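Protein chains: 4
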Amino acid sequence: MTFPAPLTGVVPPLCTPLTPEREVDVPSLLRLVDHLVGAGVHGLFVLGSTSEAAFLTDAQRRRVVEAVAGHVGGQLPVLAGVIDMTTPRVLDHVRAVTAAGAEAVVVTAPFYARTHPSEIVHHYRRTAALSPVPVIAYDIPVAVHTKLPPELVLGLAGDGVLAGVKDSSGDLAAFRELVTGARAHPGFAVLTGSELIADAALALGADGAVPGLANVDPHGYVRLYRQCRAGDWEGARAEQDRLCALFGLTGAGDPARMGGSSSALGAFKAALRLRGVIDCPVTAEPQVPLSGEETEKVAKFLASAGLL
Amino acid sequence: MTFPAPLTGVVPPLCTPLTPEREVDVPSLLRLVDHLVGAGVHGLFVLGSTSEAAFLTDAQRRRVVEAVAGHVGGQLPVLAGVIDMTTPRVLDHVRAVTAAGAEAVVVTAPFYARTHPSEIVHHYRRTAALSPVPVIAYDIPVAVHTKLPPELVLGLAGDGVLAGVKDSSGDLAAFRELVTGARAHPGFAVLTGSELIADAALALGADGAVPGLANVDPHGYVRLYRQCRAGDWEGARAEQDRLCALFGLTGAGDPARMGGSSSALGAFKAALRLRGVIDCPVTAEPQVPLSGEETEKVAKFLASAGLL
Amino acid sequence: MTFPAPLTGVVPPLCTPLTPEREVDVPSLLRLVDHLVGAGVHGLFVLGSTSEAAFLTDAQRRRVVEAVAGHVGGQLPVLAGVIDMTTPRVLDHVRAVTAAGAEAVVVTAPFYARTHPSEIVHHYRRTAALSPVPVIAYDIPVAVHTKLPPELVLGLAGDGVLAGVKDSSGDLAAFRELVTGARAHPGFAVLTGSELIADAALALGADGAVPGLANVDPHGYVRLYRQCRAGDWEGARAEQDRLCALFGLTGAGDPARMGGSSSALGAFKAALRLRGVIDCPVTAEPQVPLSGEETEKVAKFLASAGLL
Amino acid sequence: MTFPAPLTGVVPPLCTPLTPEREVDVPSLLRLVDHLVGAGVHGLFVLGSTSEAAFLTDAQRRRVVEAVAGHVGGQLPVLAGVIDMTTPRVLDHVRAVTAAGAEAVVVTAPFYARTHPSEIVHHYRRTAALSPVPVIAYDIPVAVHTKLPPELVLGLAGDGVLAGVKDSSGDLAAFRELVTGARAHPGFAVLTGSELIADAALALGADGAVPGLANVDPHGYVRLYRQCRAGDWEGARAEQDRLCALFGLTGAGDPARMGGSSSALGAFKAALRLRGVIDCPVTAEPQVPLSGEETEKVAKFLASAGLL
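Chains as they are written, first to last, in this note's numbering: chain A, 94 to 401; chain B, 94 to 401; chain C, 94 to 401; chain D, 94 to 401.
Any given hint could turn out to be false.
[Stated by the list, open to error] No more than 25 angstroms apart at the CA atoms, straight line, and that leaves these computed lysine-lysine pairs for BS3-like:
1. D:Lys240 <-> B:Lys240
2. B:Lys240 <-> A:Lys240
3. C:Lys240 <-> D:Lys240
4. A:Lys240 <-> C:Lys240
5. A:Lys240 <-> D:Lys240
6. B:Lys240 <-> C:Lys240
Simulated from the structure, these hints should not be mistaken for lab results.
Quick caveat: nothing in here was measured; it's all calculated off a predicted structure.
Please construct the entire structure, taking both the sequences and the accompanying hints into account.
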């Protein structure tokens, strides 16, 4: 298939189900894909932050892309994260994920090293020059400790280096600047990574959403997207309110015992298990697993949202 | 050889010379090793931040360890960084670098993911459990955005999980807490990563130093170490003052054009080229190279320090 | 007048015009008040960040409140910031501004000192207990380096400690949590401090907006507010787009020469002078004044927005 | 007396004893002064961070300076902090504290507002131009969220704007740059604000120390200073080790209940009460008081250090 320009709709960043031994659980992964595709999502994003890409070995990453790309076979676009510190390492991942079937790559700013905006620009130019598939920028300051400036992203959009941006910065004012600037670049996709203000992002012109919570409730986000496209802002707000309440499950883990990643990703997986989609809720090391009591909290959020 | 307990002395984090095509320049690397060993350093640390480990592909990392470990053949300890985001990925590097001959691994806190101290502890325990060689903690908040709390490090020292710590945090008060606490753990090495306050760190009881600038002037740091060990604090302060002045070369790159990594690592490599140790000063992408004028600045610092 | 519960509408944070000698220019200040009231704003907020409260002496602060409160005489609510580091100093300001006629006080989290959430709670409780007028929380992490957690604010709303919150955090997801939680507290006002996403904030249920740019274009924000209240989301988005473009004037100052405060507040004042509202565009020390060329840029933004 | 150039020795930042009603307890304050002067300190610094200056009203600040300056009557230099956000407010404090007898003023970088280095320079120039007494820069990034660059401080030293710097940044490498650069400016004082690395700072050439813990154990810091001046580095290290252990009392407060300021300043005051110097250990609002159990911990630290 030709990669859509711009990419639009709901593109969930897939959780990566693991076995109790912490290997990729391919049957569970494919059930998750079916769960999402069946709900009407418009694309699949593997190896993102929600996918625990930072925790997966190169072999595991490859297995994920092969399994998902092989399963959906061109029915809908498959994007893959190539999360690593700098250009040479990212390029190795680009080669691996495109060989495994990814139709676009999602690239963060460099991290670990202290970079200058000119180096971020060079990073994207160089990656795009050598990538056989479109490059989408991934703006996630909580992870890489750099915010991609809107004018930098728009400059690269104008030069045809980037095919889109996934904005997980939480900064809606900067996001608006992207949306406004992107009007000059019709094939460029502006996607929000937010679970909580997807309606607002779509209202001001976003092309789509990449919400981690869509693993748990893909029907909700597809409904929300359709309402926004139809101009049903009242309905969209009500749906978003329901999803915001559901998002409370990401706080199920005790912050005295674990970090935000353990709690949020653990809760997504617990919810997928409770909904019968995956077999095992384990997360990768060194993350801390949810306790039975914390899993009970997740179940209550599901019940309140009408998902159990 | 048996890995020393504790590790002591000057252990430079080796620059990784590259060819103009940005492949590992092994002959230059081995000349750098000879330059350091000839100056009397006490160990070699490859694949650290100064080594551009964040920029090297896995194949390049392996080549570096093989070349250096093969060359020094047990004459002095070879440590290797295994810099990556989380436990499973770090363990892959541990396997690779120990197969290639590394005698200890140097491990940062997890990054990219948001972690809790309990997860950092688990990360080190798990890594040490599966590593065939000693594990040294690498405290580098400027890169990983987490400071390792001294009590966490000392707890792991007490449990035999860690064989030492390289402290690049710049926080001498916390470093002192490590030194004081480590008196209870005789085989545990407390090493400073600072170029600028190595004398102060040694005065208060550090076991050694891991200064990037020792690539450029290993004789200076070896002299400084010997002066400190001999209690010649006046001499040590004068030597440190000279080295601090020399360190000014790391600011040769224009901050309006490049990040701190490009400037500092570019200057180290420019100095090594000017001193005739390596062939090519190029740094890995997306770093910005020094201009001719900026390289001139580096030359002036070398001249002032009596190194040209 | 009775202070409205909840406070609603457009409540501009007034610039504080100064004379060339940097004394409060009361005639210009009153012309600014008339300019705003004439445009239909719903309240006036003096001594906020936009007012350069951090730069005004106690005597100047008093003069501002007396002048404004005396001039509008109960026609519309006058709120005053009481910006200072801790409870005892804030309480001194509360006494001063209420004696001068303020009808509500706007209180940030403590700053300079390192505080705990329980201390922030105590700060608000104690301030409210001793304030003769309603207390509104001012969430401005860029200035005080603490984000007020929504659940903390809502807890204080539930206890009747706070009458509202002005959110200048830029975090729309947290803002939504405030709006949703505030449904249980009907008299509590949730106000956005954003110039750029006021439409989105109002769409999801905000009671009003406190945009600094409303000094320059109060008619625009009043129009935007009315469109949102009428459910004219298309019209609101177009108006907001125009205001976002106008907001570009805050970047008129060269970042190599001055900080963000000098540039943004200098540009607001330059615009007010160009529009004939105030006499002199000077800002308080140590801020850097805009150059002639930079003022020209401001003029171009005004012209593009149809304001010259 | 003429203010010393440079200022040298131990200059404790005085705690401000309060009554149970949180008014300044002048008799306790004067007993604290006598306690310090009797131990041989070389100057007194009132209204610093340790003094809870951020919590004291203007009337309280004035009372403190009048009491202390009146009591020591020119026997030793009295410095006063003029901690506030920007130049005009700082100048008001300069007028007040010098009228009350302060012989030098201690000035932080601006805070709350977002400033540029050129604005920091202007802030110091303007303050010094209007101050009747010498100006000392106060580098305390943990409070003001800006680090004073060494070259900025040294430039102002060279121009005669600053008479010294108190460095509470914890960055010994930058401190060394100050010490080295200050050799060109003989009357300029470089003082460390660290309790924990005072020996290291003095070893590399600091003129003196301003340690909050000297309230509790002034004899210890005076001894340490004399040992360093005499070149007795072994003795100094042992004394510093004892003081580092004693500093553990600042962690007496439970971090789940209170911020760092409540714990550290509460512990200093608890220790002063236990040692019989002041009457009441209360701290200003909104700080949380230490519990009985936490005060017990403080007592144990005192006992271990031989101070009870």
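Structure-based check of each hint:
Between the alpha carbons of Lys240 (chain D) and Lys240 (chain B) the distance comes to roughly 18 angstroms, so the proposed pair stays at or under 25 angstroms and holds. Proximity of Lys240 (chain B) to Lys240 (chain A) is assessed by CA-CA distance (about 22 angstroms); at most 25 angstroms being required, the pair is judged to hold. For the suggested pair Lys240 (chain C) and Lys240 (chain D), the alpha carbons sit about 22 angstroms apart, so the restraint of at most 25 angstroms is met. For the given pair, Lys240 (chain A) sits about 18 angstroms from Lys240 (chain C) by alpha-carbon distance, which is consistent with the 25 angstroms threshold.
Taking the CA atoms of Lys240 (chain A) and Lys240 (chain D), the gap is near 22 angstroms; set against the 25 angstroms cutoff, the hint holds. Taken as a hint, the Lys240 (chain B) and Lys240 (chain C) pair is honoured in the structure, with Cα atoms around 22 angstroms apart against an allowance of 25 angstroms.
Violated hints for the displayed structure: none, as all numbered hints are satisfied.
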